[in-house]
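Student: Listed below, chain by chain, are the residues.
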Amino acid sequence: MMRLPWFRFESPRSVAEAARILEGEGPGAVLIAGGTDLLPNMKRRQQAPQVLVSLSRVEGMKAVEDGAGLTLGGGLTLAEVIGTAGLRARYPGLWQAASQVATAQLRNMGTLGGNLCLDTRCSYYDQNHEWRKAIGFCMKRDGETCWVATASKRCLAVSSTDCAPALIALGASVRLESTAGERDVALADLYRNDGIDYLTRRPGEILTRVLLPDAAEWTSTYWKLRRRGSFDFPVLGVAAAAKLAPDGSITEARVALGAVSSHPFLTRAGEFLAGKRLTDEVIAEAARMVASRAKPMDNTDFDVYWRKEVVAEFTGYALRERRGDDMDAVRLRTARRTL
Amino acid sequence: MTKRTHFDVIGKPRRRVDGRAKVTGQTRFADDIVLPRMLHARLLRSPHPHARIVAIDASRAERHPGVHLVLTGKDFPVSIGILPVSQDEYPLAPERVRYVGDPLAAVVARDEQTAGEALDLIDVTWEILPTIGSPQEALARPDVRIHDYNDVGNIHRNQSYQFGDVDAALAASDHVFEDLFFFEGNTHLAIEQHASVAAVDGEGKLTLWSSTQVPHYVHRQMARALAVPEAHIRIIACPNGGGFGGKTDVCNHEAVVLKAALMLGRPVKICLNREEVFYMHRGRHPVLMKFRTGVSNDGRITGMHLQTLLDGGAYGSYGTASTFYTGALTPVTYELPRYKFEGCRTFTNKPPCGAKRGHGTPQPRFGQEIQLDKIAEKLRLDPAELRLNMVAKPNTLTANWLRIGSIGLAECIRQVVDRSDWKNRRGKLPEGRGLGLACGAYMSGAGLSIYWNKLPHSGVQLLIDRSGQVTVFCGATEVGQGSDDVLAGIVAEVLGIDPFEVRCVTGDTALTPIDLGSYSSRVTVMMGNAAIEAAGKLRALLADVAAAQLQTAPEHVVLAHGRVFRAGDPGKSLSFKEVVVLAEAKHGTLGAVGSYTPPKPPGRYKGGGVGPSPAYSYTACIVEVEVDRATGWIHVPKIWIAHDIGRALNPVLARGQVEGSVYMGLCEALMEEQSFRRLPPKLSHALVHRAPSMLEYKSITALDMPEMDTVLVEDPDPNCPFGAKEVGQGPLLPVMPAVANAIFDALGIRIDELPITPDKVLKALARKAKGENPRVGPDHFPEVPYPEPMLVPPPWEGGDGNSVEPAARAGRVREVAP
Amino acid sequence: MTDTQSAPGGARRNLRMVLHVNGEDTEVLFAPYKTLLEVLREDLGLTGTKHGCELGECGACAVLVDGLPLLSCLVLAVECEGKAIETVEGLARGPTLHPLQAAFADLGGAQCGYCTPGVLMTAKALLDGDPDPCREKIREAISGNLCRCTGYQQIYESIEEAARRMRADAAQSGSCPCCEGTAP
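Chains as they are written, first to last, in my numbering: chain E, 1 to 339; chain C, 1001 to 1818; chain Y, 2001 to 2184.
Treat the hints with care, as some may be off.
[Said to hold, decoys possible] Result set (EDC-like, lysine to aspartate or glutamate): computed pairs, CA atoms no more than 20 Å apart in a straight line: (1) LYS1638(C) <-> GLU2136(Y); (2) LYS1682(C) <-> GLU144(E); (3) LYS1423(C) <-> ASP1382(C); (4) LYS2137(Y) <-> GLU1707(C); (5) LYS1454(C) <-> ASP1759(C); (6) LYS1763(C) <-> ASP301(E); (7) LYS1763(C) <-> ASP1779(C); (8) LYS295(E) <-> ASP1759(C); (9) LYS1600(C) <-> ASP1800(C).
[Stated by the list, open to error] Here are the in silico distance ranges between beta carbons for each label pair: (10) THR338(E) <-> ARG1503(C): 21 to 31 Å; (11) VAL304(E) <-> LEU1511(C): 51 to 61 Å; (12) ALA149(E) <-> LEU1511(C): 51 to 61 Å; (13) ALA149(E) <-> ARG2093(Y): 55 to 65 Å; (14) THR150(E) <-> PRO1599(C): 52 to 62 Å; (15) THR338(E) <-> ASP1165(C): 56 to 66 Å; (16) GLU2024(Y) <-> PHE1007(C): 39 to 49 Å; (17) GLN2172(Y) <-> PHE1500(C): 53 to 63 Å; (18) TYR1149(C) <-> ARG293(E): 50 to 60 Å; (19) LEU1379(C) <-> ARG288(E): 39 to 49 Å.
These are calculated hints, taken from the structure and not from any lab test.
Remember, it's a predicted structure, so these values are computed and weren't measured experimentally.
Note that beta-carbon positions come from the ideal geometry of N, C-alpha and C, so glycine has one too.
Kindly produce the complete structure, drawing on both the sequences and the hints.
Tutor: Structure representation (structure tokens):
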């Protein structure tokens, strides 16, 4: 049986107390929320923190504040996010993303904050210690070489969060709290295109809130590509959000990509789409723009060239769904369920 | 066996006898066993694909608090192996490791955590050896030898058979089709990881509880590995949490915990983690195949030449048998007048391949059934009609001297054709949608044991006493397939009692008569026939005493529903227990044994022992696909399957076996692959499993599984208990080629290799768009130094089942120019 | 409160804690690195809960915690104090099987039986919340439980049959199966 290494366990009751513990313990302490990302990593000895600081009993981490926008506590489980009243109607892209993370059981455990801070993934890294030893380890942990591209100066592990691209497209930001106070950052700015140092979150900061702007007149969607209907991380995530004028043309739009880089990111397709109607030609051009930004590497499931090849088509699905096309049959074939 | 038409138990859907234990969590799998003072073991595995162990220093590990024992290769001087011809593995590698994951040391400690910590403290000095990563490389580098005991280079097994002059047949044919196929390796992925517990009993003898499908073979090999008499070792096969062939080999860890228990006098447990299970492997061989098939204008096969090249991995395992199986069963589905088969298995520095559901036969079936689809296309024949016109006849011999008894293949084809509306839909669906048909066959138990002997393959002992209790003993092993239920059901049917009144004691070499194990789909037929014999003997005693009491002749006594009647007179009866008391009074202690030995195979040539079976099962399958032109994405909405089972003893379980096979076949068709990653050779000699995890080794989830339409075709086979043939493996075989054929119907492209993935679909579509051959698959078959073929005339060419030239020639390798 | 094991780098302390499992409070001593899975199997003797990967990749270890199916291999036991834990051992009422158990045994939902406890617990949570789930909902609910034997079809059928039997029982007794209240 795979086992966790020994560690010390702290279970603070407030954000302030958790922040104090993090500061006091330094880099040996790691936050644990749902544990669905951290614990497998610890069992595989990718991480071996001396102290686990649990957020499960921290007050306020499951807050839901409804106003013009919506504020979601970072400690809400993905199942709780999915079940949040009105979320599916107002932020369908987030609902679709959260609904497709892992499995039903894991969504009862994994949190929104945890999904946003998900460790980057790589088929040379997400392996047992014995396996990684057999390749002489890799740049991300215990080694020097990035085996994905041996000439690479940086780690090419993949951002594999589903919620981040969906939330980036929705224009969300996150609140980070530490002993030094709190700050809000646009979600896109939480990420860095570096498989090792993939978050701009400072050590000691806790992601406490996800702040969603007003969604009136906005519509959103998330398309996830993966092998199976459950379990799998994305090998591509396309999130699109658009504000529609009464005449059906787009006032404002954002298209974000996940799982094709070390960070989730906004593409420039949003600017292109502004002021246009979603004709087949416009969709095709936007999809081409999006696809040109996708740089998948050979470190996830599926053939890497194929992954690159289907980005445009998947982007098209997202935009066609926003146009109002009936995409249920395509969803059923790809996601194995209608969403 | 008397022909019966009415049954009280057989053929009725019912709760399996071990169902309650399984749903309450009471079924005791090997890792569920906890014994007082039990210690825990873990194995140190090689990080190198091929290396010499220069030195091992375990002193730091031995000093680690909580560590009781460190074992290394020097503790195991004797090699083991499932087949007598290739006992080439040591429980712990003594001087050389041959794949990443090859075990070389073991730590026994107070708990698993401590044992794991101590593994890191074992210092090994290595001398790295060149890596052989593929059969092509194995053939090209005979200088780098993975083993020394084989004749040449890295060729483990090499054989050639010719049943009639195939070249002449092909030359005289209207058409000759030549096709290459590749079937990637894959693994069993039973959810239960292998576990074993060893203990020394009060008499100083050893007991091993293990997740094994083959306690008898483990028994023999453990005695060999430990140099302990077989009579002093007891192997208890726990119910397996899925086997699929993955627990049919003898395992390193089984010998390790036994040795440790013996040395420490305390129970020792081991449970492999998932990555280690991928290294244990023994799964489906990757096979490259070349078919040359002669066909007449009316779509009849005139002759076939099949060549196979197997990637065997680092050790022999079942490989010798696997190599035979890539050719042996090919002729049992359709009439095939002449047949030539050449097979070669190479060693490579990967986990050993062995037996997985269908053992060696799904690979050639995949190729053959796709080739038939190509033949039908070329000759403008309906693929179903093409097959129906040449289905093998019952009670005939094949070109390679296998005896076919009952064959329900034609009915299976008709069933799936009708139920899928094939005639109105195949070739007529909109582009992107298609139907594909394929067939398969499998044996109901191997005709010969894996070691040569004249002994029964299965034994059953039955005890009844005055309490009315019935206990049946058999070495067979419950691996999920329902072997206990088959046993109880058969005994219950013969004795006229409820199956829940039968207590099964199974899979225990100290208590139960020998059964060779749960492999080759042999249990129902072999154990079942032995059970009928044993139960029949007791029934005769009971009928004898009851007849006197009921004032009738024994042949007019009926045992049913727990009572004993006079035929045609339900008014007068005795309880089962009353009759048992009478019988015990008259005959003394009541017991009976039965045993089963398969019929002698008609083929008498050397190597003819692989393939014969008391009966063959047949399956036909139609798969519907929807393939997206733009992405290549493959969606399977429905699968129709019809399986010729002879008779379904318990239809609930029979259907479960068929559907489970369809599921696993679809996994192999679309996603499963035990594939390996080679790092840039300039930077690293590493050769690692790509995805030794349940997340990245993909298997179908509940959301991905299509609707299944399952038909059991029942045509009782006289060699089988109540006519029941196998069902656990055969239905897997046609699924993969049916998917490939459906994709052709949908898009006019051929994917001639597994798994069939969307990127391959797009590649083939791109070729089609460019006017090239719209196909993805292997395009080169390497020069393999197959030996001169052994010549065995087929039955209709005057043969007697012997080869016409000295058998010794088959083992010799033909010289090849450098 | 603690039990110690000597180890390099100082004493390692075991934890003593009361866990509420299958309706009973049980005091248990365990190494703090252990997940709920390990404590259930190794320290409480509840070996009905299985494991196939210990990384959240198969679903074999699913148990209910406060009514929700979770993967016990990724739940720290130390976080389970005060929570209601249900395992397969707690499903039957005395000698009477839970309708899910009976249906799985009858209809082939359990083949080797290894993934079965995890599937049963997941299905129980489903039926507790929805006494009449459609096939799609069942597929979704158990798509986090890998099964290598059945091809899932007989699992769906077993869950549907259990739901039918539970609804029939509820109709007979006049109580609502999902809220245990009395129907109006």
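Student: Each hint: holds or not?
Tutor: Each hint, compared with the structure:
Taking the CA atoms of LYS1638(C) and GLU2136(Y), the gap is near 15 Å; set against the 20 Å cutoff, the hint holds. With a C-alpha separation of about 15 Å, the suggested pair LYS1682(C) and GLU144(E) falls inside the 20 Å cut-off, and the hint holds. At roughly 9 Å between alpha-carbon atoms, LYS1423(C) and ASP1382(C) fall within 20 Å of each other, so this suggested pair holds. Under the criterion of a C-alpha separation no larger than 20 Å, the hint pairing LYS2137(Y) with GLU1707(C) is consistent with the structure, at around 15 Å.
Between LYS1454(C) and ASP1759(C), the direct Cα distance comes to roughly 52 Å. Violation of the 20 Å bound is thereby established for this hinted pair. For the given pair, LYS1763(C) sits about 18 Å from ASP301(E) by alpha-carbon distance, which is consistent with the 20 Å threshold. Annotation: proposed proximity of LYS1763(C) to ASP1779(C) holds, straight-line Cα distance about 14 Å (limit 20 Å). About 17 Å separates the Cα atoms of LYS295(E) and ASP1759(C), which keeps this hinted pair within 20 Å; it holds.
For the suggested pair LYS1600(C) and ASP1800(C), the alpha carbons sit about 14 Å apart, so the restraint of at most 20 Å is met. Separated by about 50 Å at the C-beta atoms, THR338(E) and ARG1503(C) break the suggested range of 21 to 31 Å. Between VAL304(E) and LEU1511(C) the beta carbon distance is about 55 Å. The supplied range of 51 to 61 Å therefore holds. Look at ALA149(E) against LEU1511(C): about 60 Å separates their beta carbons, and that is inside 51 to 61 Å.
Between ALA149(E) and ARG2093(Y) the beta carbon distance is about 59 Å. The supplied range of 55 to 65 Å therefore holds. The supplied range of 52 to 62 Å is met by THR150(E) and PRO1599(C), whose beta-carbon atoms lie about 60 Å from each other. Separation of THR338(E) from ASP1165(C) is about 60 Å and conforms to the stated range, judged on CB atoms against 56 to 66 Å. The hinted window of 39 to 49 Å between GLU2024(Y) and PHE1007(C) holds, with their beta carbons roughly 46 Å apart.
Taking 53 to 63 Å as the suggested C-beta distance range, the pair GLN2172(Y) and PHE1500(C) does not conform, at roughly 26 Å. In this structure the supplied range 50 to 60 Å holds for TYR1149(C) paired with ARG293(E), their Cβ-Cβ distance being about 56 Å. Take LEU1379(C) and ARG288(E): their Cβ atoms lie about 44 Å apart, and the range 39 to 49 Å holds.
Consistency note: the structure conflicts with the earlier hints numbered 5, 10 and 17.
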